[in-house]
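Novice: Assemble the whole structure, with the sequences as input and the hints as a guide.
Here the protein sequences come in this chain order: B and L.
Residue 367 in this note's numbering is what sits at position 367 of the first sequence, and the numbering runs on without skipping anything.
In short: position in the second sequence from 1, add 1000, done, that's this note's numbering.
Hint data in this document are derived by calculation from the structure and do not stem from the laboratory.
Fair warning: there could be bad hints in the mix.
[Stated by the list, open to error] So the derived label-pair ranges between C-beta atoms look like this: (1) L:Lys1417 / B:Asn345: 49 to 55 Å; (2) L:Gly1405 / B:Arg57: 39 to 45 Å; (3) L:Arg1251 / B:Leu7: 25 to 31 Å.
[What the hints assert, rightly or not] Among the chain B residues that face chain L by a calculated CB cut under 8 Å, a handful are: (4) Ser12; (5) Arg218; (6) Ser219; (7) Val221; (8) Phe223; (9) Val227; (10) Ile240; (11) Ala242.
Values in this document were obtained by computation on a predicted structure and should not be read as measured data.
Note that the Cβ used here is the ideal one computed from N, Cα and C, for glycine as well.
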Amino acid sequence: MRLRLELRPAPSRIMAWASPLLAGMATLVAGFILFSALGKDPLQALHVFFVKPIETRYGLGELLLKASPLMLCAVGLAAGYRANVWNIGAEGQLTLGAIAAGGLALTFPGADSAWILLPMIFAGAAGGMAWAAIPAWLRTRFNANEILTSLMLVYVATLLLSWLVQGPWRDPDGFNFPQSKMFADAALLPILLPGTRLNAGFLIALAAIAVAWLFFARSLVGFQMRVAGLAPAAANYAGISAKRNIWLGMLIGGAAAGISGVGEAAGPIGQLLPSMSPGYGFAAIIVAFVGRLHPLGILLASLLMSLLYLGGESAQINLALPSAVTGLFQGTLLFFLLAADVLINFRIGVIGRKAANAAVATALGAHV
Amino acid sequence: MRRLARCARGLARRRCCANTRAADAAQSLHNLGMQAPVPRLQLSAITKTYPSVVANDAIDLTVLPGEIHAVLGENGAGKSTLMKVICGIVKPDAGSIRWNGSLVKIANPAQARALGIGMVFQHFSLFETLTVAENIELALGAGSQKAGAGLDEQLRAISDRYGLPLDPRRHIHTMSAGERQRVEIVRCLLQEPALLILDEPTSVLTPRAASKFFETLRRLAAEGCSILYISHKLDEIRALCTRATVLRDGRVTGDCDPRQETAQSLAKMMIGGDLPHPHHRAATTRGDGSLAVRGLSLRADDPFGTDLVDIDLSVRGGEIVGIAGVSGNGQQELLAALSGERTVGDAGAIVINGTAAGRLDAGERRALGFAFVPEDRMERGAVPEMSLADNALLTAWRHELTLGGTIRISAAREYAKAIIARYSVKASGPEAIARSLSGGNLQKFIVGREMLQGPRAMIAAQPTWGVDVGASAQIRQALIDLRDEGVAVLVVSEELDELLEICDRIAVIARGRLSAAIPARESDAETIGQMMSGSFISAENAPPDASTGSLNGSTMPRTTDAP
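Specialist: Rendered as structure tokens:
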């Protein structure tokens, strides 16, 4: 007996909902085995991972705080991914957004009106777009692979920031630490929930989700980008410009990542540091795919990813688990989520082998 | 009969394996003078049900040794499923298969090959960058005694014997579709099949090449090889086959000797009614639409494509001009240049409705009142994963389906509904995924989508390729109606009968050159068939080594098709 994946005539609507549940159950089972094998009480471990981080108001604030940049980057990347534009460099675009907004905030240290936030956000978006424009231009002009160029520019961006905070923008009163001055209070995003670090960046991310939903579902351009992603020949046939799609896909991703960079610089950090993000730009790629490139899916996936960040820390602190184990457990969940999605388009069929062998024997034996 | 026995003995000598022994046994029985020969293949009550459709419903089929047996039916009648059952690709839900009289179960293609069943598919599976011999060696597999040094000799022997000229050292990419088909057939013959299945084999041949090909098939049959011939071309079947099984909606609706039947009576069995015939009056209306190509020369993008040389063409409003030719002679390149999928440097080389359009992209040309039905339905004419409403939007969004850059979802749905109703597309509704439609139904949808946009100039490429008889007639009628409304219509097709039926003028494309268009009423299949082999290209234009049918011409263009 053999198992085989068979293409479904149409994607299964039931499986579209059932597959995340299936993945969740599989993760729980795997987690049980993993934590038992490590000599921990699995129920307690799962509690520490998924419940403890959000038991408090502060924890809840942290959850949404970390989900915001993920959500924002992922929804921007999704616009490109739907059109087969593979922007892997959101981390670099985020960094450039932080540099641009930070530069503005440092130029006006005496700002006392929150109006400075608006130009900062625009500067951040422009910075991210400028960084994303480089791979877009290389791709449309020289047909250079944007996966490579956008990824390589991440390291250029990190080094640029590093040079700025160690050189021209270093805080003279900072005891020689590589960091800029703190931004003026007016140049910080307002706190939403007192007692937490959750700031207005979360609202920006939510607005981005709503705008993306409209763009994907209702706009002609969004529709055409999707066509280009699904069937390039059909896009060419219908007169949808491939170059325009590449530019749009990259620039939307760049703008969103740039704004999330503003959210970090003018949010929990409040200054420029050599590293502005713990890898949100890369994690957002996973968030985009776990969310199936759909804005609502991305909203949920970013919350899950954020919870995994917090749960991982909480498990390290409360259970003394090494960070590798928390990483392993996070990877397991994401693996199951993506793997279970196969069942939306495919079903599992069974083929018998015994019957086939018997038939060969009869056929060959009959005439000997 | 002596020849049969010799052949069977020859086979047994060369290869000692169960299937040849089986064939030998059958032949001996035959030679002993038994009255009713044991059928080579006997299918009884084969049934195969798919989730949404019964593809085969208790089908009986008997093929005798040395018989050329037609399987006739419209698209979706169950022909392909039945052939897949015989080849071991699909497992039937019920029914039995007897091979030379004994019950077998064919579980996979390898087993079918071991029994002696060979199939030549409509779409080839050859590696373009390898030579003929390398392709065949790959198919034979590492363990075969045939592979290796002697293969070239065997190939030459077979191609000589059956009149299928083939140079084993030539690369596939230099070959025309007709030649590629020869490779596939020789590949099958090398395995000494007792049953050869051919799926629409003449779709890649000129009429003259097709009649030569029939001689080869007759010779094969005379040597005892049974042939299952799948087609919907009634005239061919009447000329070639001695037995026909007709399928409709998964059932056998007729079992006859096609030589005793008329095309009408066969069609009746096939579609369950009379063959619809489009009305074709002389063109009367003059429209303001037009299509013109002026001195277009274009190097192919694809290294194995065909360069276009100095193409001139003009289509007036209110006429249908046809372009005939064997595929791979520049049709793809010409269509891409006309549709705007490939722009050309000289804006004036292509004029659509009076506007120089060479540099406009496909979308801008559509804005001039131009519509296009491409030959590939999936992936190009439609996005397989999207709904019909979204696929309507794909090219028809200019027609009030959007408002200030946003999609009017209900309008798109209504538009798709209108296409479905007006062109009798079989689909569950505007939300049906394009991939779930049969090829013919999707084609009707695409044709309808383009026509409902009210174009002034329109191109249809292979509009009825793979579409069943009823739907074909409907599509042809729609094209004629469009012409009568004054639209300039260009039809590119490999089906000569179709062009003769609907066109006012016909031009022929060969080796990237286009002949002058001649009035269809004054021409016949023979004249045009001759032009299809390139006879209209004057001597000084033709490349020096383009002699048709040469064996050693590795620089030969892809057009030579006479076997």
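Novice: Take the hints in turn and mark each one as holding or not.
Specialist: Results of checking the hints against the structure:
Distance hint check for Lys1417 (chain L) and Asn345 (chain B): the Cβ-Cβ separation is about 27 Å, which falls outside the suggested range of 49 to 55 Å. The given range of 39 to 45 Å is respected by Gly1405 (chain L) and Arg57 (chain B), whose C-beta atoms sit roughly 42 Å from each other. The hint said 25 to 31 Å for the Cβ distance between Arg1251 (chain L) and Leu7 (chain B), and at roughly 27 Å that hint holds. Taking 8 Å as the C-beta contact cut-off toward chain L, the hint placing Ser12 (chain B) at the interface is violated, the least distance being around 12 Å.
Evaluation of the Arg218 (chain B) hint against chain L yields a held restraint, the C-beta minimum of about 5 Å falling below 8 Å. Checking Ser219 (chain B) against chain L: minimum C-beta separation of about 6 Å stays under 8 Å; hint holds. For Val221 (chain B), the shortest C-beta to C-beta distance to chain L is roughly 7 Å, which falls under 8 Å, so the interface hint holds. With 8 Å as the threshold, the beta carbon of Phe223 (chain B) comes within range of chain L, its nearest partner Cβ sitting at about 6 Å, so the hint holds.
Against a cut-off of 8 Å between C-beta atoms, the interface hint on Val227 (chain B) holds, since the closest Cβ of chain L lies about 6 Å away. For Ile240 (chain B), the suggested interface contact is upheld, since its CB lies about 7 Å from the closest CB of chain L, less than 8 Å. For Ala242 (chain B), the suggested interface contact is broken, since its CB lies about 10 Å from the closest CB of chain L, more than 8 Å.
In this structure, the hints that do not hold are numbers 1, 4 and 11, in rising order.
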